[in-house]
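Asks: Working from the sequences, and respecting the hints, build out all of it.
Number of protein chains: 2
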Amino acid sequence: MRNPQAPAAPTAPTASATTLKGFAAHVFACAGMPEADAAVVADVLVWANLRGVDTHGIMRIPRYVDLIEAGDMNAKPAITIRTETPASLLIEADRAAGPVAMMRGTTAAVRKARDAGVGLALVRATTHAGALGYYTLAAAREGMAAIALAASWPNVAYHGARAAGVSTSPISIAVPGTEPVVLDMATSVVSMGKLNQAKRTGEPIPEGWALDKDGKPTTDPRAAQIPLPMAGPKGSGLSLMIECITSLIAANPLLAESLEGTAEGRRHRQNGFVMAIDLARFGDPESFRREVDRLVKALKSLPVDPEAGEILMPGERGRRTFERRSRDGIPIPHAVYGELHALANRLGVAMFPSSR
Amino acid sequence: MRNPQAPAAPTAPTASATTLKGFAAHVFACAGMPEADAAVVADVLVWANLRGVDTHGIMRIPRYVDLIEAGDMNAKPAITIRTETPASLLIEADRAAGPVAMMRGTTAAVRKARDAGVGLALVRATTHAGALGYYTLAAAREGMAAIALAASWPNVAYHGARAAGVSTSPISIAVPGTEPVVLDMATSVVSMGKLNQAKRTGEPIPEGWALDKDGKPTTDPRAAQIPLPMAGPKGSGLSLMIECITSLIAANPLLAESLEGTAEGRRHRQNGFVMAIDLARFGDPESFRREVDRLVKALKSLPVDPEAGEILMPGERGRRTFERRSRDGIPIPHAVYGELHALANRLGVAMFPSSR
Numbered sequence: 001m002r003n004p005q006a007p008a009a010p011t012a013p014t015a016s017a018t019t020l021k022g023f024a025a026h027v028f029a030c031a032g033m034p035e036a037d038a039a040v041v042a043d044v045l046v047w048a049n050l051r052g053v054d055t056h057g058i059m060r061i062p063r064y065v066d067l068i069e070a071g072d073m074n075a076k077p078a079i080t081i082r083t084e085t086p087a088s089l090l091i092e093a094d095r096a097a098g099p100v101a102m103m104r105g106t107t108a109a110v111r112k113a114r115d116a117g118v119g120l121a122l123v124r125a126t127t128h129a130g131a132l133g134y135y136t137l138a139a140a141r142e143g144m145a146a147i148a149l150a151a152s153w154p155n156v157a158y159h160g161a162r163a164a165g166v167s168t169s170p171i172s173i174a175v176p177g178t179e180p181v182v183l184d185m186a187t188s189v190v191s192m193g194k195l196n197q198a199k200r201t202g203e204p205i206p207e208g209w210a211l212d213k214d215g216k217p218t219t220d221p222r223a224a225q226i227p228l229p230m231a232g233p234k235g236s237g238l239s240l241m242i243e244c245i246t247s248l249i250a251a252n253p254l255l256a257e258s259l260e261g262t263a264e265g266r267r268h269r270q271n272g273f274v275m276a277i278d279l280a281r282f283g284d285p286e287s288f289r290r291e292v293d294r295l296v297k298a299l300k301s302l303p304v305d306p307e308a309g310e311i312l313m314p315g316e317r318g319r320r321t322f323e324r325r326s327r328d329g330i331p332i333p334h335a336v337y338g339e340l341h342a343l344a345n346r347l348g349v350a351m352f353p354s355s356r
Numbered sequence: 357m358r359n360p361q362a363p364a365a366p367t368a369p370t371a372s373a374t375t376l377k378g379f380a381a382h383v384f385a386c387a388g389m390p391e392a393d394a395a396v397v398a399d400v401l402v403w404a405n406l407r408g409v410d411t412h413g414i415m416r417i418p419r420y421v422d423l424i425e426a427g428d429m430n431a432k433p434a435i436t437i438r439t440e441t442p443a444s445l446l447i448e449a450d451r452a453a454g455p456v457a458m459m460r461g462t463t464a465a466v467r468k469a470r471d472a473g474v475g476l477a478l479v480r481a482t483t484h485a486g487a488l489g490y491y492t493l494a495a496a497r498e499g500m501a502a503i504a505l506a507a508s509w510p511n512v513a514y515h516g517a518r519a520a521g522v523s524t525s526p527i528s529i530a531v532p533g534t535e536p537v538v539l540d541m542a543t544s545v546v547s548m549g550k551l552n553q554a555k556r557t558g559e560p561i562p563e564g565w566a567l568d569k570d571g572k573p574t575t576d577p578r579a580a581q582i583p584l585p586m587a588g589p590k591g592s593g594l595s596l597m598i599e600c601i602t603s604l605i606a607a608n609p610l611l612a613e614s615l616e617g618t619a620e621g622r623r624h625r626q627n628g629f630v631m632a633i634d635l636a637r638f639g640d641p642e643s644f645r646r647e648v649d650r651l652v653k654a655l656k657s658l659p660v661d662p663e664a665g666e667i668l669m670p671g672e673r674g675r676r677t678f679e680r681r682s683r684d685g686i687p688i689p690h691a692v693y694g695e696l697h698a699l700a701n702r703l704g705v706a707m708f709p710s711s712r
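Protein chains in written order, with my numbering: chain A, 1 to 356; chain B, 357 to 712.
Keep in mind that the hints were calculated from the coordinates and are not lab data.
Hints are not guaranteed to be accurate.
[Stated by the list, open to error] With a straight-line Cα cutoff of 27 Å, these simulated DSS-like cross-link-like pairs (lysine-lysine) come out: (1) K216(A) <-> K653(B); (2) K199(A) <-> K216(A); (3) K550(B) <-> K572(B); (4) K216(A) <-> K656(B); (5) K213(A) <-> K199(A); (6) K653(B) <-> K300(A); (7) K213(A) <-> K194(A); (8) K569(B) <-> K300(A); (9) K569(B) <-> K550(B); (10) K213(A) <-> K656(B); (11) K653(B) <-> K213(A); (12) K297(A) <-> K569(B); (13) K555(B) <-> K569(B); (14) K297(A) <-> K572(B).
Computed from a prediction, not measured in an experiment: that's the story for all the values here.
Replies: See the structure below:
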């Protein structure tokens, strides 16, 4: 299955998306999830790998299983609707796996948007939401403009503080076009995943990325503990507001509970926000797509910064990686492969075949 | 009226908010606006001064009058509803003054949110939107969480390009608390207003703020032409998505028209987005306010970065300035005073009394 032209990590084993989805779904089913839910979680994780967002991909499988075993993730959640209005739902996710709860929210937001023009699903008490672009892209394929947010525990410095106060709170916004445009970004300068990657390689990190455990700026990846917010007060302000419009409306505060050190605050918990706007209720969706294409073309016609080399749209690099990895397979770092192998042995699940 | 303790610009004249609102309303009425509209525009501009956002305050009065005289701002707009759904409205603003159109949108979004849980008003074909925090704060006072966005012409570099491609596209998010929390930020590293201020003082600007007319990075404020996006691809990506979910849904593209150099693209035009979420439809609004207060307290209890000196919430500095300037008056730079004086003479409006 390995393609000798695959540019990434030539010595790492690779496997196809189908193979990895089958393996992941099998693991989650063994861990107690209904088959349909296990398939959703597998699809969201492997999609992240296909897009090149490996920090949100199959390397999360062992962590998800740990969360189930610790009782923080519920493999058989009773997902219910707590409140409903003509344009919105507050969904009680009962500690469901993030992908299961967020897809439930996405489907609900799209349905509400078809009825009311705009639909909002607040997803209460979920777990690691996964790569948000998956959900906004799913809504964009239904003819929606979509916004997804996720709130979690404090792991990013609040501007002006020498300690973590807000979360990486990702924001994704997607719209349809001939190719959809999909922004998916953290409100921190750098994601926890990238910081952990730097820890593994040991390469110095740029100034302005992170603080050490005492809240002092550092460029040593091993000392780096707390990523800084993007653009100072703007990033931490956005993250704070995301907690307010997601966790506080859903009556499931995460930051305050954790900063106060309550028992609840020490558990793995997230909340999500998915909004859909039905383009067909405002005008002709085909005209909208054409205008997106026109805007992309206008931006790509600007003079290129030689340092950047190319003008990219949000989500464009991910789409290219998706195409390449769909064809050539997904590279799996040896450490991740080893962890998955150990997990497979422990659960009695057959390890997936790989290129090596 | 001048207070000797006023910390800003000790030699500048000052005037009270009431005085300035009366003057501004008089000017706009002379320029053709109905009295009620003139009062709204005056209130939004002077509110910005009270909050310390002088770039969005009375210094805009001459520019607004220019826009009316050029036919780009309509003093007597026929504001209509183009499309309406249970949770949304697309408002045709007919080139109304931004504050008039955006307040119409805010009122509509709040009304829709009371009916449907969530309300979205898209404001099509307005002009300079003013300080967005005014609108989200107005909605927060009605028990709403609110989001406002504004789209305008390309004046900020698109990441990877050596030219302007996106706009400063501000984002404001507000929620009620004992004191409301109000984020109001541009998606550029620095606002055009701050860049213009640096041009006036001649002080070197930090690296990473702006490009010169050829698209090269510069620290010379006089050479600086194009602000850079906040956090590189994140800021320009957000700005691009704001154009998509505001201008393109409203079928009034701004960036592409301008980048292509069409006749429409050379005119002053903006579009706005105001969303309200009715907290009472999701839970107890009093509990929500208490949770906001609790979160603020938890963040303010973090260890302070000595360089910052203090941990501030979004909008907190503006609230302090509001209190001080409400008491001590609003300082008016000599250049702005001179421009207003010349305008008053030209229109035959009495110049406002000031401290000097």
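Asks: For every hint, state whether the structure bears it out.
Replies: We went through each hint and held it up to the structure:
1. A threshold of 27 Å between alpha carbons decides the hint, and for K216(A) with K653(B) the separation of about 23 Å falls inside it, so the pair holds.
2. Between K199(A) and K216(A) the alpha-carbon distance is near 17 Å, which keeps this suggested pair within the 27 Å criterion.
3. Between K550(B) and K572(B) the alpha-carbon distance is near 19 Å, which keeps this suggested pair within the 27 Å criterion.
4. This hinted pair checks out: K216(A) and K656(B) have alpha carbons roughly 18 Å apart, not beyond 27 Å.
5. For the hint linking K213(A) to K199(A), the alpha-carbon distance of about 14 Å falls within 27 Å, and the restraint holds.
6. Only pairs whose Cα atoms come within 27 Å are accepted, and K653(B) paired with K300(A) is rejected, the gap being roughly 46 Å.
7. With a C-alpha separation of about 18 Å, the suggested pairing of K213(A) with K194(A) holds against the 27 Å cut-off.
8. Only pairs whose Cα atoms come within 27 Å are accepted, and K569(B) paired with K300(A) is accepted, the gap being roughly 19 Å.
9. Using a Cα cut-off of 27 Å, the hinted pair K569(B) and K550(B) holds, with the two alpha carbons roughly 18 Å apart.
10. Note on K213(A) and K656(B): the hinted pairing holds, with a Cα-Cα distance of about 19 Å set against a maximum of 27 Å.
11. For the given pair, K653(B) sits about 22 Å from K213(A) by alpha-carbon distance, which is consistent with the 27 Å threshold.
12. For the hint pairing K297(A) with K569(B), the CA-to-CA distance comes to about 22 Å; that is within 27 Å, so the pair holds.
13. Between K555(B) and K569(B) the CA atoms are separated by roughly 14 Å; this keeps the pair inside 27 Å, and the hint holds.
14. A distance of roughly 23 Å separates the Cα atoms of K297(A) and K572(B); the hinted pair therefore holds under the 27 Å criterion.
Comparing the model with each earlier hint shows a violation of hint 6 alone; every other hint is respected.
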